[in-house]
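2 protein chains.
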Amino acid sequence: MAGKPSVLRETDDDARKLARELLRSARSAAIAVIEPGSDGFPFVSRVLLGIDTDGTPVILVSALSTHTQALSADRRCSLLTGEIGKGDPLAHARLTVQCQAERIERDSVAHGRIRERFIRRHPKAQLYVDFPDFAFFRLTPLKASLNAGFGRAYVLDGEDLLIRSPAIDDVAAMETRAIDHMNTDHSDAASKYAKLYCNAKGTGWRICGLDAAGVDLASGDQLKRLEYEKPLQSGGELRERLVILYG
Amino acid sequence: MAGKPSVLRETDDDARKLARELLRSARSAAIAVIEPGSDGFPFVSRVLLGIDTDGTPVILVSALSTHTQALSADRRCSLLTGEIGKGDPLAHARLTVQCQAERIERDSVAHGRIRERFIRRHPKAQLYVDFPDFAFFRLTPLKASLNAGFGRAYVLDGEDLLIRSPAIDDVAAMETRAIDHMNTDHSDAASKYAKLYCNAKGTGWRICGLDAAGVDLASGDQLKRLEYEKPLQSGGELRERLVILYG
Numbered sequence: 089m090a091g092k093p094s095v096l097r098e099t100d101d102d103a104r105k106l107a108r109e110l111l112r113s114a115r116s117a118a119i120a121v122i123e124p125g126s127d128g129f130p131f132v133s134r135v136l137l138g139i140d141t142d143g144t145p146v147i148l149v150s151a152l153s154t155h156t157q158a159l160s161a162d163r164r165c166s167l168l169t170g171e172i173g174k175g176d177p178l179a180h181a182r183l184t185v186q187c188q189a190e191r192i193e194r195d196s197v198a199h200g201r202i203r204e205r206f207i208r209r210h211p212k213a214q215l216y217v218d219f220p221d222f223a224f225f226r227l228t229p230l231k232a233s234l235n236a237g238f239g240r241a242y243v244l245d246g247e248d249l250l251i252r253s254p255a256i257d258d259v260a261a262m263e264t265r266a267i268d269h270m271n272t273d274h275s276d277a278a279s280k281y282a283k284l285y286c287n288a289k290g291t292g293w294r295i296c297g298l299d300a301a302g303v304d305l306a307s308g309d310q311l312k313r314l315e316y317e318k319p320l321q322s323g324g325e326l327r328e329r330l331v332i333l334y335g
Numbered sequence: 089m090a091g092k093p094s095v096l097r098e099t100d101d102d103a104r105k106l107a108r109e110l111l112r113s114a115r116s117a118a119i120a121v122i123e124p125g126s127d128g129f130p131f132v133s134r135v136l137l138g139i140d141t142d143g144t145p146v147i148l149v150s151a152l153s154t155h156t157q158a159l160s161a162d163r164r165c166s167l168l169t170g171e172i173g174k175g176d177p178l179a180h181a182r183l184t185v186q187c188q189a190e191r192i193e194r195d196s197v198a199h200g201r202i203r204e205r206f207i208r209r210h211p212k213a214q215l216y217v218d219f220p221d222f223a224f225f226r227l228t229p230l231k232a233s234l235n236a237g238f239g240r241a242y243v244l245d246g247e248d249l250l251i252r253s254p255a256i257d258d259v260a261a262m263e264t265r266a267i268d269h270m271n272t273d274h275s276d277a278a279s280k281y282a283k284l285y286c287n288a289k290g291t292g293w294r295i296c297g298l299d300a301a302g303v304d305l306a307s308g309d310q311l312k313r314l315e316y317e318k319p320l321q322s323g324g325e326l327r328e329r330l331v332i333l334y335g
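Residue numbers (this note's numbering), protein chains in the order written: chain A, 89 to 335; chain B, 89 to 335.
Okay, chain A solo, but in the shape it has when bound:
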């Protein structure tokens, strides 16, 4: 990142956490790809975003779209997340993640897992997720740039955006049951989490994702990410963590 010494800050844990929240709380993203047959022309469009159990962003895209055709020819892509709030659009934090895309085959174990998580995050995607021209891609982060507002720029590694924990598979195996239990038997928990940890308002929140590093919370068009201070080290820690957070 030559030429940036005066704005680039040392990447610390707060920056990493903010970056993870910006990625994992995004419903959609702008995706930059190389237009097929263009000799390298960049092309940007909009995609729905999900997150796999290891933190890898995933997209559900149609083979008819330029971005899908592009990723089939050149796997390199870049995602932009971070909502534009009130006031100056550039005063709000945003994250650029450069990724390598990998198509998820429909008969794979990963497909079933990703499909279920994606639909819980984007219920309306159920209408087209099984159309033959639609496919999931996992977008493995290679590196990222966080812009937390004017003069607050950070460079991150792809690793900073991935979940590293021995509990990933265990939590994934219990995710659906745990979410059903929480949203049914402790239906006030999601709204309490959203209020306490995500600066969110309202009471209509539900849990739409649980992984080794945190909780995804949804209410209407809003999506929030409660990121744990440290990832779980075993599936057995999940229940206790949710109880502690409830306070």
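Note that these hints are calculated values from the structure, not bench results. It is possible that some hints are incorrect.
Copies of the same chain are indistinguishable here, so a pair counts whether it falls within one copy or spans any two.
Stated by the list, open to error - List of simulated lysine-lysine pairs, DSSO-like, C-alpha gap at most 30 angstroms:
| id | residue 1 | residue 2 |
| --- | --- | --- |
| 1 | K105 | K280 |
| 2 | K289 | K174 |
| 3 | K174 | K212 |
| 4 | K174 | K280 |
| 5 | K280 | K318 |
Predicted model, so just to flag it, every value in this text is computed and none were measured.
With the hints as your guide, set chain B onto chain A.
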């Protein structure tokens, strides 16, 4: 656009008008560039957007940013505009414009014109527009893709997004005075235009741009574009057009 026959629709005047509105009413855009020194990796970030008097999109960017360094090495870029409203993010119209960037030198006539229009559109940019590391680029549209919602895709020419009229310079020469007059002596006009032609609410609207093809309207964080059915053919038509629209 091989492989897209089943979703691509014939481009008509309604599609062209929608595309122009999506570009000209945008406060910010996602911009895709080729990361410098990356051997062709796409990179996407966020920029403030303005529009020059001939419809060409313009950006104000810092030399410290990756996108500016990228454009200095490879002029090819792509803009994504179109706000995400309620419900499914992909149900809302968005526009991808592939452009060629041209840096505007600070002592040029174009710089003065672009600077004035940009600040009227983004008043807070006055704080940094004259910093030595900031520069404007004009992004000449080469072609565009309009996605008006599921299954409604259109391809456009760069020409479709430019204003072609003999009145461009005349209107530009009277723009500042005409805006001051309208916002001062006919201060209800902007809110009336916003309500009648842009489906907007509230009474705090002001005119922040006038060109041969339409009116830019601003209220707080909102920006709307009133696009005339046909561009003005002379500066002398401006007053009458504004009177007719007032009804």
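To see whether the hints hold, each was checked on the structure:
{"no.": "1", "hint": "K105 <-> K280", "in the structure": "within (21 angstroms within a copy, 45 angstroms between copies)"}
{"no.": "2", "hint": "K289 <-> K174", "in the structure": "both (16 angstroms within a copy, 17 angstroms between copies)"}
{"no.": "3", "hint": "K174 <-> K212", "in the structure": "both (27 angstroms within a copy, 13 angstroms between copies)"}
{"no.": "4", "hint": "K174 <-> K280", "in the structure": "both (25 angstroms within a copy, 24 angstroms between copies)"}
{"no.": "5", "hint": "K280 <-> K318", "in the structure": "within (20 angstroms within a copy, 54 angstroms between copies)"}
Hint compliance for this structure: no hint is broken.
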